[in-house]
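These are the residues of each chain, in order.
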Amino acid sequence: MSVSLNRAYGGGFADPAVDSARAFRAAMNVMAKPGEIRDLDSAQPPAPLSAAAGTLLLTLCDPETGVYLAGACDTPELRGWLAFHTGAPVVAAAEADFAVGTWAELMPLDPYRIGTSEYPDRSATLIVEMDALEQAGATLRGPGIKDSATLSLPDAAALAGNAMLYPLGLDFFFTCGGKVAALPRSTAISEG
Amino acid sequence: MSDYNFAYLDEQTKRMIRRAILKGLAVPGYQVTFASREMPMPYGWGTGGVQVSAATLTPEDTFKVIDQGSDDTTNAVSIRKFFEKTARVAVTEETEKASVIQTRHRIPEAALTEDQILVYQVPIPEPLRFLEPRETETRKMHALQEYGLMHVKLYEDISQHGAIATSYAYPVKVSDRYVMDPSPIPKFDNPKLEMAAIQLFGAGREQRIYAVPPWTPVVSLDFEDYPFEATKADHACDLCDAEDSYLDEVILDDAGNRMFVCSDTDYCRARREAGHVGRLGEEAA
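These protein sequence lines are chains A and B, in that order. Taking the numbering used here as reference, the numbering of the first sequence is continuous, increasing by one, and the terminal residue is 219. Taking the numbering used here as reference, the numbering of the second sequence is continuous, increasing by one, and the terminal residue is 286.
Calculated from the structure, these hints are not laboratory results. Ideal Cβ positions, reconstructed from N, Cα and C, are used throughout, including at glycine. It cannot be assumed that every hint is accurate.
Covered, in the sense of this in silico footprint (three residues per stretch, anywhere, with C-beta under 8 Å from a C-beta of chain B), are these stretches of chain A [stated by the list, open to error]: (1) 36-50; (2) 171-179.
The calculated lysine-lysine pairs, modelled on DSSO-like cross-linking and capped at a C-alpha distance of 27 Å, are [stated by the list, open to error]: (3) K98(B) / K154(B); (4) K86(B) / K98(B); (5) K173(A) / K193(B); (6) K154(B) / K174(B); (7) K193(B) / K98(B); (8) K173(A) / K98(B); (9) K154(B) / K86(B); (10) K233(B) / K193(B); (11) K174(B) / K173(A).
Chain B with its partners taken away, still in its complex shape (with noise of 0.2 Å):
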């Protein structure tokens, strides 16, 4: 019992919120405009996350929260016990177990189902805002369907670097007409974005709101001759040995060693259970 309404934001709040995600399903990638509320954290600590989620909770949910992959870092478990308080869901960190998923900057390892919805938390939901900073010209840019400065952007990476530099955020076409920014999600993760769980985006700072409904096409930009590529770092988990997951690099000492581990956490944990041991790992007692 808590003396919050359900869910913590007032109905009227939670509707306005609801009719902008019902038009982002209804126009995928385009960024809806909201009311973002002050919520009890700072922005940037996934605010406009936070008001998804708690526009689309329901008791019966089983909810998760990941930061970089982590179910346990600082702004993951705050999140998490403010929906156990506020809504009185039940919460899991197992990926197969959850039936709402709120993330910053990961799409987990294992497939989502299509009973799935996964929450993102986003800083800035405009991908042209770094090559235009005004409003009034990207709303136009987008209502055009003018998207050359994006592809001058790409080449000016191969340019310089000789590839597409681009790591992380890479921006994508949805549905083949909006542009859409992913969220900080490594590039690793794009090609996941067509899943078949319902993905929703909230930027609380920027309100915005936007989504992408399951099986959307949803297609990184490059060019013919530099293909898209989702990269991540060329070894194994040191912990679970998987060679398929998206890996974080920790300096171990001043000596110059290092470990890559899963950012996942439930499931680097999930495969060590199972009895895969890395390179740094030990046997399961």
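Chain A with its partners taken away, still in its complex shape (with noise of 0.2 Å):
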């Protein structure tokens, strides 16, 4: 009993209000500077999240926002450490405000919340795990970064389309193991 107990409800923040200060820092500067790649690793969650997805669940979600857990992600054991650790309801991909998964198993991009011309910001955040997150592939530029940058983007068509919407559209992070980098809506992607 004790063992199930542990696997369900354990794996939170140690310290949650410092743990979740120092992660939230972590994500703000991610998603202020693109391509910018940070440890992300207080949280242990089940199988199969990554711990810097898990981080970031427990970081940003509650009661009051929507989480929508693609493919794999929705396991009974997911949901369960979810609402025992943030209380947010699992929600279908038109309502989520954080959807986490891997990019397959997000896609397509279409069903999420883009916000609207005078509330931008009711979108959604998509949460990527990611095989490999490194500094290298597609070029960014825009906001937060100083000439350009470069991230290992999943889709960097895709991401590109998403960009086109601007001041609308999706913001993402990428996380793989303990990192986490981010891309919001506002930055230009090129090729190569």
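Need the complex rebuilt from these two chains, each delivered in its own frame; the hints are there to steer you.
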């Protein structure tokens, strides 16, 4: 009994107020500086979620935010873990404030909320689980980037399409193990 | 040890503010609404900035607070002590040593680095508010990028005064999209808005948060024949002889004597310690 309890309810923040403050600082820095990669590993969520994605969910989600668990992320263990630690309701993609999964599981992008022209902030943030995360690949330009930056993106063409919607659009975190990077809608993307 | 939660606010409030900050960074210059809380200080004393700082600070931070450039006004001292007590952060008056700087109405003279965060206290976040009082209309104007009214206002300045008379809270366009109120900083500071640090803006009473990521293009609105001009009093600091800093004018007596001193007290102190002496300054002991 205690083993299964630990699996379902363990892995949260040891010191929630301070751990979430540090985690938010990392999340804010990567969102403010697209292309930057930071450590983010203070939570240990159930498989298949990465430490970085789990930490993001604990830092940003609560009963006011709908979370869409895409594909293999939608397990009873993860639902239980999310409910216990955040109280966030699990919702469909079209209602989600946050969505988490691999790129293939999260596709297509169309259902997610992109905000309205009067409230562009009312849009979803996608947490994309990656096999690798490195400062190589697509070239990024825009706010938060001095000249240009590079980041390994799952699908540069689709993300460039999202940027075309600016100031509407989705914002992305990319997570891999205990690492995180971000791509706001304001970033212009060119291949290679 | 204090009996407050870390950084005073409860966790759910901080999460709500943190989500607003992330969306603000994703759409630079756009004002994100947030459910501003009552803080243990009156509106107008920086409740917006305090809430943004509370959501941003970590125990490892070194915190600095300035009020019109000064570290030692009542407002700055009380906010600094507030976070010293509730977040147990180190505090400093030296710009270079601070990791988070909360400011009322100035940008420090020293260039900030990419490891620093500048938090502004904002009274009226809506740059169009004095031109159009209805929120429904200003929201539409932002949505449609309908900023002609702002240019009319600047034009009326020119027709009445011969120059753009707006000297503080000078409107800027962020990343070629949103017109933003940079808070009531003097327009002398406007060119510094393009900087290496993350800039966060909090308006407590008006319940808005907005942000400017590092290196985001920030253009002060102007006309081809009346270009924007960053102005300051045409003097050197009377204490440290700085010619490049923003100056406060201080009346000295009834006979009309006055002096000009750096508004940034830390900048002035550092220069005097380095041996610079102004017209009314004294040699360092």
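* Between K174(B) and K173(A), does the CA-CA distance stay at or below 27 Å? -> Holds. K174(B) to K173(A) sits at ~18 Å (cutoff 27 Å).
* Given pair status - K98(B), K173(A), alpha carbons within 27 Å -> It holds: about 23 Å lies between the C-alpha atoms, which stays within 27 Å.
* K154(B) and K86(B): Cα distance at most 27 Å? -> 45 Å, violated
* Asked: Mind checking, does the stretch 171-179 of chain A have 3 or more residues with a CB under 8 Å from chain B?
  -> Answer holds; 3 residues pass the 8 Å Cβ test.
* Hey, K98(B) versus K154(B), does the alpha-carbon distance stay inside 27 Å? -> Violated, at about 40 Å.
* Asked: Is the hinted pair K233(B) and K193(B) satisfied, with a Cα-Cα distance of at most 27 Å?
  -> 14 Å, holds
* Hey, K86(B) versus K98(B), does the alpha-carbon distance stay inside 27 Å? -> Holds - the C-alpha atoms of K98(B) and K86(B) are around 19 Å apart, at most 27 Å.
* With a cut-off of 27 Å on the C-alpha distance, tell me whether K154(B) and K174(B) pass. => Judged against 27 Å, a Cα distance of about 15 Å means the pair holds.
* Asked: Does the stretch 36-50 of chain A contain three or more residues whose Cβ lies closer than 8 Å to a Cβ of chain B?
  -> n = 6 at 8 Å, threshold three: holds.
* Asked: Under the criterion that the straight-line Cα-Cα distance not exceed 27 Å, is the pair K193(B), K98(B) satisfied?
  -> 19 Å, holds
* Take a quick look at whether K173(A) and K193(B) sit within 27 Å of each other, Cα to Cα. => 15 Å, holds
Of the hints listed earlier, those the structure fails to meet are numbers 3 and 9, in rising order.
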